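Line order of the protein sequences matches chains A and B. Take the first sequence: its letter number 108 is residue 108 in my numbering, and every next letter is one higher. Take the second sequence: its letter number 105 is residue 105 in my numbering, and every next letter is one higher.
Note that these hints are calculated values from the structure, not bench results. Computed from a predicted structure; not experimentally measured.
The calculated DSS-like cross-link candidates involving lysine-lysine, where the alpha carbons are at most 30 Å apart (straight line), are:
hint	chain 1	residue 1	chain 2	residue 2
1	A	98	A	45
2	A	98	B	68
3	B	68	A	45
4	A	45	A	2
5	B	24	B	78
6	A	2	A	42
7	A	98	B	78
8	A	42	B	24
9	A	42	B	68
10	B	78	A	2
11	A	98	A	2
12	A	98	A	42
13	B	24	B	68
14	B	24	A	45
15	A	98	B	24
16	A	79	A	42
17	B	68	B	78
18	A	42	B	78
19	A	45	B	78
20	A	79	A	45
Where chain B lies over chain A, by a calculated footprint (3+ residues, C-beta under 8 Å):
hint	segment
21	38-46
22	99-107
Ideal placement from N, C-alpha and C gives every residue a C-beta, glycine not left out.
Here is how the chains run, residue by residue.
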Amino acid sequence: RKEVEQDPGPFNVPEGATVAFNCTYSNSASQSFFWYRQDCRKEPKLLMSVYSSGNEDGRFTAQLNRASQYISLLIRDSKLSDSATYLCVVNTAGGYNKLIFGAGTRLAVHP
Amino acid sequence: DAGVIQSPRHEVTEMGQEVTLRCKPISGHDYLFWYRQTMMRGLELLIYFNNNVPIDDSGMPEDRFSAKMPNASFSTLKIQPSEPRDSAVYFCASSFPQGAYNEQFFGPGTRLTVL
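Using the sequences and the hints given, assemble the complete structure.
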């Protein structure tokens, strides 16, 4: 079983749609959780950290369920510019700095 | 402020040749990471340094790969000899420790093709 699993997609949605991505992780000792965004042929960039209480940043909402070892990302009012691959990221037992990246979920927003 | 700098951006070489990838982290960042990304395996951590010291190299695929960080502003990843299966995008990233949530800043990557 992979340490971080994501639905690869692609998710094809119209502008203005709400879309949700899910991710599961296998290491119950993980303590740091993130969503990174990667545009085509570019480097990954931090989208948002995911905190235990859940957090929101504009149109983006992240949730963490430690009991189920499950992380989610909700994007409301999708924009064309949201088209990218979204990577679920979790730290390993090796420490806060050793991150495991999921394979990514591809999102395509169309007019 | 300059981000993480990597060179070269693209490298095409023949099997058996030595390849050296270079990275300059963001000034003041204590941690430096080398990742490899392929379609099949995704983004994998190869090795990371803290204050120029290698901390974890368990992701380095085999002895053909080596990494050094001679000072706080420079690191290299070397492949010798290179093989076609080494073809991938190699990313360097750096971070400044801030507890449990340390953002890693990635460079633009080096796209390596081994023929």
